[in-house]
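Order-wise, the sequence lines are chains A and B. My numbering puts the first sequence at residues 386 to 1105. My numbering puts the second sequence at residues 128 to 632.
What the hints contain is simulated information worked out from the structure, not anything from laboratory work. As the structure is a computational prediction, the values presented were derived from the model and not from experiment.
Derived pair list, reagent style SDA-like, types lysine to any residue, alpha-carbon separation capped at 25 Å:
1) A:K554 / B:K498
2) A:K468 / B:D180
3) A:K844 / A:H855
4) B:K498 / A:A557
5) A:K554 / B:R494
6) B:K498 / A:E556
7) A:K767 / A:H855
8) B:K631 / B:I342
9) A:K989 / A:F972
10) B:K511 / A:N559
11) B:K514 / A:R416
12) B:K151 / B:N234
13) B:K572 / A:D1004
14) A:K413 / B:Y596
Footprint (simulated), chain B over chain A, 3 or more residues, beta carbon under 8 Å:
15) 449–463
16) 555–562
17) 567–579
18) 1006–1020
19) 1032–1042
By construction, the Cβ of each residue, glycine as well, lies at the ideal position given by its N, Cα and C atoms.
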Amino acid sequence: MEYSIGSIAPIFLAPVLAFVINAFFGRKLPRNGDWVAVLGVFISFIFSARIFGDFVFGNFATDYYIHKTFTWFDLSFADQIWKVDLGIYIDNMAAIMLLMVSGVATLIHLFSTWYMDHDHRHGRFFTFLPLFTSGMLGLVLSDNLLALFMFWEVMGFCSYSLIGIYYEKEEAGNASIKAFMTTRVGDVFLLLGLVAVWMVIGSVTYTDIYAAIANGSFEGKTVLGISLATFAGFCMFLGAMGKSAQFPLHVWLPDAMMGPTPGSALIHAATMVAAGVYLSLRMYPLMVIGDLTTFIAVIGAITAFGAATIALVQTDIKAVLAFSTISQLGYMMIGVGVGSYNAAFMHLITHAVFKACLFLSAGSVIHSIHEQQMPKMGGLRKKLPYTFIAMLCCSLAIAGVPFFSGFVSKDRILGDALYWGFMAGQNPMLAIVPILGFAGAFLTAFYMFRMMFLTFFGKPRDQHIYDHAHDEHLSLTSNVPLLILTVFTLGFWYAGSLTGQGFVKVMGAKTEWFKILVEAPDVKKFADSKSKITPLVEPTTVTEKLPVAVYDHQTGYAGPNPDDHKIHTAHVVGAAASVVIAFSGIFLAFLMYVKGSVKSPRSKFPGFVRTLQNRYYFDHVYVDIIIKKGLLGLNRFLAWVDMGLYDRYAVDGWAKVNRVMFKIAKWFDNVIIDAVGVDGTGVAVNLFNLVLRIVQSGKIQFYFIMLIVVLGSYIWTLNF
Amino acid sequence: MNGILNWILWMPIIGMVAVLLVPKAKENVIRFVTLASTTITLILSIVLYMNFDNSTADMQFVVKIPWIESFHINYYLGLDGITMLMTFLNALLFFICTLSSWTVEKNLKAYFALLLMLQSTVFGVFFSLDFFLFYVYWEVMLIPMFFLIGIWGGENREYAAVKFFLYTFFGSIFMLVGIVALYYATGKGPDSFSILAHQGGKFVNETVSIFGNEISFEKLFFWFMFLGFAIKVPVFPFHTWLPHAHVQAPTAVSVILAGVLLKMGTYGFLRIAFPIFPAAAVEYSTLIAVLGLISVIYGAFCAMAQDDVKKLIAYSSVSHMGFVMLGISAMTTQGVSGAVLQMFNHGTSTAMMFLLIGIIYERSHHRWIVKPDGSLGYGGLSTKLPKFTTVFIIGMFASMGLPGLSGFISEALIFLGIYQRFTTITVIAVVGLLLGAAYLLWMFKRMFFGPVNPECEEYEDMNAREIFYMIPLCICVIVFGIFPSPLLNVMKASVGQLVDLLAKF
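Extracted from the complex, chain A is given alone in its bound form (with noise of 0.2 Å):
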């Protein structure tokens, strides 16, 4: 299928069209032009879903894709060469990513209509959601990492916006700082990585990297140092760590849930968390050649295993998704980091999914009781039928049972983290990933289903709050957007079979599409793409030539050989330890929140569980040690010898110590010269005389006085 712009740009331009209608007219519009945000969003869907089509139902080949370009600004003068260019890049990634943000968004922007209904922000909320979606479509179609960078700040922004939408509240105020600052350490340096790798290799599109990859352009490039791929892809993780929410730059997320629901579902469960796990896909090969997986690998599992133990004891419904969130991405991260590169993009696509209605859900429940604690709920699924049925499945989605999603995906992540952490001869100590990635979907099985049964299982535990809960009723906005989600929560759509392992197939010849259509992009087709590349600076400094690792997705621990036997028997016994798990997990949390023959543990540990409750002290250290001891004492200790110190004493002490010659001068004039007798000297002396005197007059006069000295000074040494 021939592309014209026409047919891709609308994807993007249509959200934006709709925030600045929003923007400008929103408020005359009725209902503050809701229904333009939907109506924009759900453009973008159409022309989405038709690229999604030709993608895989049309051509489904691994390599095809789309890549149009235009020159957006010019520096070029005589024989220096330097454009940048923009660009489009649609690849089956990116259109299965196209597909999930304009879809989920559409629905999201449906829901949020019935949700932020009567809400004194609706207008702001709705100008800024469909920004937020144009951010996230453009940073898809981006074919370089400089548009991926400015729609990523583009969505920071958006996300601060959101957050901070009920601005009269102080938390809302701390809490959208909070995440711009935090999401900043690591865009800044982001910048910095791509920076490097521009100057260095002359570009920045991810065909350009792919192909300097392949032609060995990175190779015996340092900077301070260290291999430039090391340094670069460091400081691009770093930005997908911030984005994220990836241990240690985690803090910001939990806070963001300040914001209104829908908007959390959408930003931060579905579509911008996951863009740091986006670029990270993108930049796979350079984190190969950097070296960088095993890092990845570990800050991945961290993050999956921490944030699910602080989740088991979150009371706030929407505190418990954002931990769970945090963990999944990090699941997500260790999928990135032991070359499980299909899986990973898979757990994006159904957490995604699940997340956003899981979100939606608690959107719908608190919308009904006007409560987020959850020890204040319980037997809601009565009232709230529709909603029940969607959080469920989703909860199963998540727990990774068996003919949903999330086994799907999750499960893959771990089979290949089991081999990569057992089987591939790696350092024994690596065995930790795997371990804390089971470890930690024990736990998620467990929170998931502790929330559901104090949501929606066992008696009312404020009766009050039941009783003035509103009934739920099929309808458009509120809950169909919902159960539309859940239909995706199933496998196969993904996995094309039930299971996830190709038993029962019920999508004819094309069942594991996901599978084959993902791939991490093998270099060496991108080695020709651009005739030449032509490094626009040699390297600052190169040292000596160091050993670049050799990228080949199918080799070593840049991803699992599928020649070796022993990757079906990891594969198989994740599937069954995965199972086991997620069932022993639901059943210890019906256990202790539904029959109550155990008994929860935390009295038991409460040192432990207050360190929980305390999130490990993280914004303890961040906010009230680094920030307010340190950076705050800093900035008053510079503020004062900058002012206090600085500016009192030495410049205006060296104006005093010129009054003081001002004052010798004087005493000089009146003392000296007049006692002397100044009559009888002579022109010469009668002109000092004349300066002295104007000298006399005021500070101002006293520089020209120094003007004329130190042009005379000078004249005088140059002997004219």
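We have chain A; now place chain B onto it with these hints.
For chain B alone, kept in the frame of chain A given last:
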């Protein structure tokens, strides 16, 4: 078109004379005469832009008339791409400042007369291609500034005015010595005051003897020029006049000071210090970059500690001008283009910030984020002043360098440029971006978020006049953030020529 520079240069003076002729009591006539003058200047600068030839780095619209023939001093004006942007910025900001000064009460006539005089002298600095003329404008500019701060300023205005004057003058002396040295070094010939004639590294091998020691002419006088311009920028450690001047200056003067006058310093580097002493510039570029880096980080740290919002923005100017210094010290196409673009973009975004602070000051009569007694000076402005908040967000995020707004492209280009020469400095300088976001967002949070401060209950939102003069700046910030080409195309020949020149040394 050849005389158009004369018109732009003298139009404000015509306006000033007209203002002076109007009786003092007729305040509205004075206002509209000033507005007419600045509007005509703005239109002329747009006409100039449309007639500007992007393809050449040569001076355009040149006017050269002998002035003091015995010393070969000429009335010599010309314009290249870098000047073009500064001209447009100057014309735009004065037009806006006229509107923002509508409510000045004290001695309106003298105020507008001095403002117009200031505009003419700033044009003079940018247009002059003759050293003598340049120096005259550079110094004369101090006079209206001195009085504008000293008379219409805040409580401590005299101290600030004198400090501003002395600091700048101190630098100018060294610059003057440099000019005289160049005059003698070129043998007092017909081109000895021409800025262009000295360019191209003609003094690489010259030496001067000072007390018998042979010292490189270039290195010595590069530093003389450097001092003159660095104080104006201001580069650390010559920056302490700026917070005083900004805090005390009336709104319009702060806008002009941050928007255009600071750019005269960096313009001086690009037009005079670098092209005339290229070898020294290349040799000392590391030091300049380090000073720029310190300005970026130190300015940002100091900004974060400020309780006075105007002082905060003043320190943020130190930080942002540090980025410009980083860009020009990179001496690469990207770096210098980014620096010139940042000069323009900082002009528009900081002008927005100062204008907005002026608007809120007219309502609150104080500028405390946190009052000396520890209570918040503002709070909850978002709720009370939605229009004001929207414009403030645009200005603030432009200043922070959010992609899609103007500051990003210039900062990104500066980083691309500086990375090629000074990797370590780049790595440290990105921290400046982080701090920049921190102090602005923290300020914004304390002023605009939270419950409405009872003191702010009565504030009115922006009126039609205020919205009207913010619109051009909003457009500049957004449009040039998405389409930077109109600005980059104008300057790229001039920048390219400078980079080519520096690359030879």
